[in-house]
Amino acid sequence: MTIQANQANQAGQQGITKTVDEFLVTPESEVTPVLSVVMPTLNEEKGIVECIDRIKTAISELRVPTEIIVSDSSTDTTPELARERGATVVTPDEPGYGYAYRYAFDKARGEYIAMGDADTTYDFEMIPQLLEPVQNGDADICMGSRLEGEIRDGSMPPLHKYVGNPLLTRFLNTFYGAGVSDAHSGFRVFTKDALETLELETTGMEFASEMIMEAGANNLTIEEVPIIYHEREGEETLDSFSDGWRHVRFMLVNAPDYLFSYPALLLVSVGAVLMSLSIARLSIGGVNFGIQTMVGGSLLAIVGYQVWTLALFSSIAANPINKPDGVLVGIIREQFQLEHGASIGILAAAAGILYLGSVFGQWLLAGEAALPSATATLLASTVVVLGLQTVFGSFFMSMLADSS
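Numbered according to the numbering used here, the sequence shown spans residues 853 to 1256.
It cannot be assumed that every hint is accurate.
Restricting the straight-line Cα-Cα distance to at most 25 Å, the calculated cross-link-like pairs of lysine to any residue (SDA-like) are [claimed, not checked]:
id, residue 1, residue 2
1, K1013, S1033
2, K898, R937
3, K959, E1053
4, K959, T878
5, K959, R935
6, K1044, Q981
7, K1013, T909
8, K898, S925
9, K1044, G989
10, K959, S1033
11, K1013, D975
12, K959, T909
13, K1044, N1070
14, K959, P947
15, K898, E963
16, K1013, L914
17, K898, D975
18, K898, T909
Just so you know, these hints were derived from the structure itself, not from any lab. Here the structure is a predicted model, which means the values were calculated and not measured.
I would like the entire structure built from these sequences, with the hints used as guidance.
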């Protein structure tokens, strides 16, 4: 490098430093920040300095008062390094990735909040690009998309790149209408107002999913900007299978229609078709429908009905993010009375029992030869089971409603 070029470079660095010193809001500052940049840290001494330096470069471009909040649970020198560079360090009083973010969000004073990991995988110099659509009012949340951008060699395991992230993103888009390409990117910018509409409660890695699920449930607008995903510095803290399962489990338990209602509808429908074909003793394509298929249809119908009642119970006992919206579930939730459900169940069970009683009487009087079709008997047995489930389920539903 020439002397002139070196002098120009030093002058440029001094200019950036001066700009950062002017706009960086430290714990001692009385200035109210416009932007808060939040990073959770767990022994990130290898990456924290580079991340803060990149944030400062973004601050020099944005030229708005900005605070850097490090939510730290480290046992190394991460907090000291962060404080030396003007960051506000807070220490969460409980463990967990999601809790670290939630704890820091409560301390954030900016109108806009940027979040990202402190392991150098995200380039914080791109904060202005993510902030722009949020500042312009085009989005409530803007996310950096790794899958639409560039994933550098060694930065993401193939299992995450080609299976985990695309699959979990597909689940989120299907269950919650997120409409994003990379639901688990941790590099995001959003307004403080948007954050306050989200009822965030998780403490672990599923926090990333919860934010998008809540955003979809609250009809917030999400945009994405392609980003470069870099190789991390320091130890990997993500457990692919256990953390992946936490995401899937959290998504399912907060989407009762996909967990209960739709599988129940499929089971009951297939069961009803099999029973109908068996009662009619039809033969299709050389397949005869008789007592064996009647048994299978009965089991599917009973299991499907039981699964559907779980959707109904969960809509009352729990408060899922994506509430059941089936017409029948909605009607029952709004108009249910114990007496109605119990009466329907008793009538159905009584009808089935009367038929089975008549069959038993025929057997006593004339023996097995006089018995009616076994498929009809099995149908009556199925009606009895469903009727009894309805009776006891109605009492249980009433108990849940009274306690909620």
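Status of the hints after comparison with the structure:
no.: 1; hint: K1013 x S1033; verdict: holds (12 Å)
no.: 2; hint: K898 x R937; verdict: holds (14 Å)
no.: 3; hint: K959 x E1053; verdict: holds (16 Å)
no.: 4; hint: K959 x T878; verdict: holds (13 Å)
no.: 5; hint: K959 x R935; verdict: holds (16 Å)
no.: 6; hint: K1044 x Q981; verdict: holds (18 Å)
no.: 7; hint: K1013 x T909; verdict: violated (29 Å)
no.: 8; hint: K898 x S925; verdict: holds (15 Å)
no.: 9; hint: K1044 x G989; verdict: holds (13 Å)
no.: 10; hint: K959 x S1033; verdict: violated (30 Å)
no.: 11; hint: K1013 x D975; verdict: holds (18 Å)
no.: 12; hint: K959 x T909; verdict: holds (23 Å)
no.: 13; hint: K1044 x N1070; verdict: holds (15 Å)
no.: 14; hint: K959 x P947; verdict: holds (17 Å)
no.: 15; hint: K898 x E963; verdict: violated (30 Å)
no.: 16; hint: K1013 x L914; verdict: violated (32 Å)
no.: 17; hint: K898 x D975; verdict: holds (15 Å)
no.: 18; hint: K898 x T909; verdict: holds (19 Å)
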